[in-house]
Amino acid sequence: MNAKKYIREIIQRSCLPSGERKRLKSDLENEIASRLERGETIEQIIERMGDPDTVAAELYENFTGAAERPFFEYKSEKTLFGLPLVHIIRTNYAVPVPYVRTTGARGINIGGRYGRVRYSYGLPAARGVFAFGPKAKGIIAVGNFSTGFISIGNISAGIFSIGNISAGLLSLGNIALAPLVALGNFAAAALSAANMALGYAAAGNLASGKYAIGNEANGTFTFSVSNLYTQFEAIKAFISELEAPAVVKAFFGLIEKVCEIVIDPISTLPFHIAISCLLLAVILALYIVPNRLLTRKNRV
Amino acid sequence: MNDNITKQFKRGILEIVILKLLSKKEMYGYELVSELNRQAGTLNIKEGTLYPILYRLEDEGIMETRWEHPSYRGQPKKYYSITEKGKRVMTESYARWKAIAEDIMRIMEDQI
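Each protein sequence line maps, in turn, to chains A and B.
Residue numbering for the first sequence follows our numbering, beginning at 1 and increasing consecutively.
Residue numbering for the second sequence follows our numbering, beginning at 1001 and increasing consecutively.
By construction, these hints were calculated from the structure, which means they are not laboratory data.
Just so you know, these numbers come straight off a predicted model, no measurement behind them.
Some chain A residues close to chain B (C-beta under 10 Å, calculated; not the full set): (1) 20; (2) 24; (3) 30; (4) 36; (5) 37; (6) 38; (7) 58; (8) 60.
We put the CB at the ideal spot given by N, CA and C, even for glycine.
Model the full assembly from the supplied sequences, consistent with the hints where possible.
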């Protein structure tokens, strides 16, 4: 571990407000630089100061007076690519969050006097192959803010990203942004399908792109749909006759399949049920597994 | 149990000790930790204990800081020093602590 990483770990695990983090960062940088100047190695410094979690816990306790930090944690001992296999961080709401006094310059100034505000804290990020937490980073990351190869979260970014606001190569979300494919309420991507879709090829309620199919379609090659049931054959003909790159034709081919399902949902009912069951199983697993691991750890 | 008692002791007395050291000369973080551990090794002061106290004292105007940038090479250093208010607080706190310590000593020695 180098000095930069050591300091970052301490700060992230300390759960202190941003103002205190800045002060602490500059002080720790200062102190470690002084020790290095005097010939100590980073290993000796870490040994003297303590591991990041111990230092962070002590900082939190001395800063707030609370013995416990406001999170539960599970980190598996098994690692893969240098990351713990599973890392879970969960807010511990049972820890009373203290009030701190702040000045006008650093927080709330009430009538030019000191004010007392609820102490706001930042939790450390969960980092692992499977990472679950308010902030999650990993190969599969699930959290409020998540980044990873497969990323699921309120705000998520990754190669495959699913979230309220999501960005990635392939993204699905309320607001989905991607260079390749985006699906969502509002989607912008090379290939996008959404209530409001923008892209090179776009399909949706409001679709805008070079190739567009939708209730309101704007672009160079467009098909405006007023009634899906009566115009389905015309849509199929439009797609098959369209002179467009293969990837666009394939994308519209999928859109055609979706239209087919919408028109005749009964014929694809088994498929719907299978997909719904799979999604339910994934959601339950994402909820149950982290909970079980945390409970087991805290029981131990 | 012993750990808890030590923590409580530290909380009570560290501020006075820090202020006393800073009243002699201004110091930077590492210097302060080293000096505290040299003069009061039993307290075993770590960064996790020291910095929250320093920030609290600074916020209360008991202490102030300044940055010193080296003229040639090296890391700029943040120096902590005591203010006039800090000197008053130190004197008052020390007098109070001394009175408490005397009372405690009297009780403890009687019991022994």
